[in-house]
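K.L.:
Protein chains in written order, with our numbering: chain A, 1 to 637; chain B, 1001 to 1268.
Since the hints were derived computationally from the structure, they do not count as laboratory data. Incorrect hints may have been included.
With a straight-line cut-off of 20 Å between C-alpha atoms, the simulated SDA-like cross-links for lysine to any residue are [stated by the list, open to error]:
1) B:K1226 to A:F378
2) B:K1147 to A:E372
3) B:K1147 to A:R145
4) B:K1092 to A:N376
5) A:K252 to A:T455
6) B:K1226 to A:N376
7) B:K1092 to A:E372
8) B:K1226 to B:G1080
9) B:K1092 to A:R145
10) B:K1229 to A:E387
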Amino acid sequence: MELDSKAPTGPIETRWDRHRFNLKLVNPANKRKHTIIVVGTGLAGGSAAATLAELGYNVKCFCFQDSPRRAHSIAAQGGINAAKNYRNDGDSIYRLFYDTVKGGDFRSRESNVYRLAQISVNIIDQCVAQGVPFAREYSGYLDNRSFGGAQVSRTFYARGQTGQQLLLGAYQALERQIGAGQVEMHPRTEMLDLIVIDGKARGIVTRDLLTGKIESHLAEAVVLGTGGYGNLYYLSTNAKGSNATAIWRAHKRGALFANPCFTQIHPTCIPVSGEYQSKLTLMSESLRNDGRVWVPLKKGDKRPPYQIPENERDYYLERRYPSFGNLVPRDVASRNAKAVCDEGRGVGESGLAVFLDFRDAIERLGKHVIRERYGNLFDMYQRITGEDPYEVPMRIYPAIHYAMGGLWVDYNLMSTIAGLYVLGEANFSDHGANRLGASALMQGLADGYFVLPNTINDYLATTKLEKVDASHPAVREAETQVTCVTKRLLDIRGTRSVDSYHRELGKLLWEYCGMARTAEGLKYALSKIPEMRERFWSDVKVLGNGEELNQSLEKAGRVADFFELAELLCIDALHRNESCGGHFREEYQTPEGEAARDDQNYSYVAAWEFRGVGNPPELHQEPLEFEYVHPTQRSYK
Amino acid sequence: MRIVLHIWRQRNANDKGRMARYEVPNVNQEMSFLEMLDVLNEDLIARNEEPVAFDHDCREGICGMCGCMVNGVAHGPQPGTTLCQLHMRHFKDGDELYLEPWRARAFPVVKDLVVDRGAFDRLVAVGGFISATTGCAPDGNAILVPKEKAELSMDAAACIGCGACVAMCPNASASLFMGAKLAHLGLLPQGQPERYGRVAAMVAQAKAERFGACTNIGECEAVCPKEIKLEVIARMNRDFLKGSWTGRGALRDDAEEVSKKPLAGSRR
Ligand SMILES: Cc1cc2nc3c(=O)[nH]c(=O)nc-3n(C[C@H](O)[C@H](O)[C@H](O)COP(=O)(O)OP(=O)(O)OC[C@H]3O[C@@H](n4cnc5c(N)ncnc54)[C@H](O)[C@@H]3O)c2cc1C
Ligand code: FES
Chain A
1 MELDSKAPTG PIETRWDRHR FNLKLVNPAN KRKHTIIVVG TGLAGGSAAA TLAELGYNVK
61 CFCFQDSPRR AHSIAAQGGI NAAKNYRNDG DSIYRLFYDT VKGGDFRSRE SNVYRLAQIS
121 VNIIDQCVAQ GVPFAREYSG YLDNRSFGGA QVSRTFYARG QTGQQLLLGA YQALERQIGA
181 GQVEMHPRTE MLDLIVIDGK ARGIVTRDLL TGKIESHLAE AVVLGTGGYG NLYYLSTNAK
241 GSNATAIWRA HKRGALFANP CFTQIHPTCI PVSGEYQSKL TLMSESLRND GRVWVPLKKG
301 DKRPPYQIPE NERDYYLERR YPSFGNLVPR DVASRNAKAV CDEGRGVGES GLAVFLDFRD
361 AIERLGKHVI RERYGNLFDM YQRITGEDPY EVPMRIYPAI HYAMGGLWVD YNLMSTIAGL
421 YVLGEANFSD HGANRLGASA LMQGLADGYF VLPNTINDYL ATTKLEKVDA SHPAVREAET
481 QVTCVTKRLL DIRGTRSVDS YHRELGKLLW EYCGMARTAE GLKYALSKIP EMRERFWSDV
541 KVLGNGEELN QSLEKAGRVA DFFELAELLC IDALHRNESC GGHFREEYQT PEGEAARDDQ
601 NYSYVAAWEF RGVGNPPELH QEPLEFEYVH PTQRSYK
Chain B
1001 MRIVLHIWRQ RNANDKGRMA RYEVPNVNQE MSFLEMLDVL NEDLIARNEE PVAFDHDCRE
1061 GICGMCGCMV NGVAHGPQPG TTLCQLHMRH FKDGDELYLE PWRARAFPVV KDLVVDRGAF
1121 DRLVAVGGFI SATTGCAPDG NAILVPKEKA ELSMDAAACI GCGACVAMCP NASASLFMGA
1181 KLAHLGLLPQ GQPERYGRVA AMVAQAKAER FGACTNIGEC EAVCPKEIKL EVIARMNRDF
1241 LKGSWTGRGA LRDDAEEVSK KPLAGSRR
């Protein structure tokens, strides 16, 4: 299969403009004749559904929560980047582009990233107009902060609730269109299959989570904004419901899956406290601006932190990276935390934590300043752990946070199935092997408000789409498939709960395909996963029936998909014989222990084609070229 | 520690429902409330009993999905805390807890502790927005917002739409929820053009959804996990009156009709 990225060439500054001009339009009267399905109501799906409806398309929109406002985007704390250069501190579209390509460790497509940086400025305007209450200065102008180690202040924020406020903006725009009858909203409805007819995406099969009814919905195009797959690892910072089912089932219908092994680990999360742990809570990265990370010098030193004198502490990030210190990027901070814990110097009961200490900052700035800066984060930490971070250092540990990988899309955000578009975290497009802080919100909204509504017209205008109805054999087949899987899960009546299997899978992945990976470990994981998957399918216990709200059944379907995706993740990680961004292979490191990329052999997007469960997938490569930002070794020393 | 739970079990909307008693013998101080329910559910599954259905997603106190009555108090005993952020260290060995779903006519029970809060979405659909079609916006800094206004707006915008306010209110009024949305948008310059039409439409819809009226009891404020202030209700009432006196509330003269029209696809 030839992967045509459709990325324009020529001067990068005008690529998007020229491309847009070349795209065909659909005239307003004809838009009314088209129906578009949008799955997902997060920043990506929500903004797309609202905007498509504003343009006059008929939209059918789906989410599994009880309201579109609850998509996982709601949880984003820190902020959203935009190259406004309101601070006059040297920022520009080009710099945001440059930072994102470099931060992604040279594994993203330049054209896409440049467009993202360009559109970033429109996003802020749009959100302000909708009434997003961004932080302001006394003068009434928009405030900014620097975030995630960026050297300019380009992050816009609404307290610690930026994702919530941006999502409410998109949600309200969506509700306006629902009220106007332009969007038909289906909450508590889960997409369980994609309907492909003549090689084109023509609809989806859903299960109504309240009545269990399995139904088909047909349309001229299907858009997935269904989020990331971090929950594959069981414990992650994602919401409990986040899952890969929509993209995985589309993958099984022919959409290639790109760079699955590029997963991001966030260094500052509240550590696991016990077996019952259900998720991990992120503590904003901004804490590293003032907190100092350390562990005891001696192994197994169980003294309370303040009894450990200065000369018996190891501020390992400051020691190893004198110029960036505690502000090294996420992947570097995470790996170092793991390394010191592996040496037996971790703290807390489990030994899987490091200290994030504010003692010096409090001494230097006073408690009130720290409270002003981080008050709500400190409260949250205290609420969860019962410890007061003003008095004792926080304990933190890395956790799975974000999926850079996802379905492969071209410059138009179309997958390898015609008429199937993928937006937001669900696609692989803009972050390469590592995402910078405050860039996911930007990408979701860029895709949904500004990219897709421009590119989808071209497809609808130039593609001949036959009329199809529910009696089409492909529709029947997909419905039957979904019905069978549901029934099969309910019929097993085995001995162990869905969660217990999910936990088992998560542990294996975290161990062998988490922060650091080796060929040997990956091979081991690959030998275990099929066996585990088989046990799952013969022994999982899902009680109740399929004709009513059945949360175990919902989970079972998602975990079944995780079992398949897990295998692909390990295959991808094993094939990529280099370290880059979030993918760290222990065999490939510099003498100082930093990630060693192999541009000669791996400067490509790995897009995998499904070949049946348990069969090796087929690799397709999209070569990456860097005309503007030339690959260098990232260094934070 | 050991916790005794009395939980409302109801198979579906048509079932009458009943309280059932369970014991969770091995509760750890560090667990969250929902993790305790997870442990109970694992136990029930092991005994071939159907697990308790409860809504949740983020488990970080922000999505607004979780919530039930704990001993008659929405989200339980800790102020400013959603159920998912409530930790077991606030309880003691042997405590008996009664868990019930939100009770309100506008929030029918779906199953066990799960209710249908679709009415909230419909309140927003009739006017809880600023009509800013994508692409029309001027530069972000072209609209100045005084800092104190932005802060007050943000205080109100923090609402997570969980429904605790309605559940706790003896009248099952949605006033705190609506007031929060109206204050969020009405405090900003961008929200001015539609300000009075917005309140008229939402109030009409609330009636259609059979939410009760507000009699200033204040239970809503007491249980709001985001500590939204009663002030927002006063603001809503003021805008409502002003809108009807001046006729500006009729800006959307289709408000009444919109409220009666079933919204396509949204559950009724
Ligand atoms: C704790 C946390 C903090 C973060 N902070 C930041 C930050 O400060 N800045 C930043 O830029 N990024 C941040 N991120 C990342 C960012 O929030 C996400 O990447 C982004 O919001 C994803 O948006 P999305 O629209 O792609 O997907 P989501 O918001 O995850 O939405 C997915 C949607 O798809 C629906 N869905 C999924 N599967 C199905 C199905 N099968 N059927 C029907 N519907 C389905 C869901 O119901 C939901 O509506 C953070 C992430 C986390 C976890
Ligand atoms: S689960 Fe999201 S607020 Fe409780």
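K.L.:
Now tell me if each hint is right for this structure.
P.N.:
Here is how each hint holds up against the structure:
1. B:K1226 to A:F378: holds, 16 Å
2. B:K1147 to A:E372: With Cα atoms ~16 Å apart, K1147 of chain B and E372 of chain A stay inside 20 Å; holds.
3. B:K1147 to A:R145: Holds, at about 16 Å.
4. B:K1092 to A:N376: violated, 27 Å
5. A:K252 to A:T455: It is violated: about 25 Å lies between the C-alpha atoms, which goes past 20 Å.
6. B:K1226 to A:N376: holds, 12 Å
7. B:K1092 to A:E372: violated, 33 Å
8. B:K1226 to B:G1080: Given pair K1226 of chain B, G1080 of chain B holds - Cα atoms ~6 Å apart, limit 20 Å.
9. B:K1092 to A:R145: Violated: K1092 of chain B and R145 of chain A sit about 43 Å apart, past 20 Å.
10. B:K1229 to A:E387: violated, 28 Å
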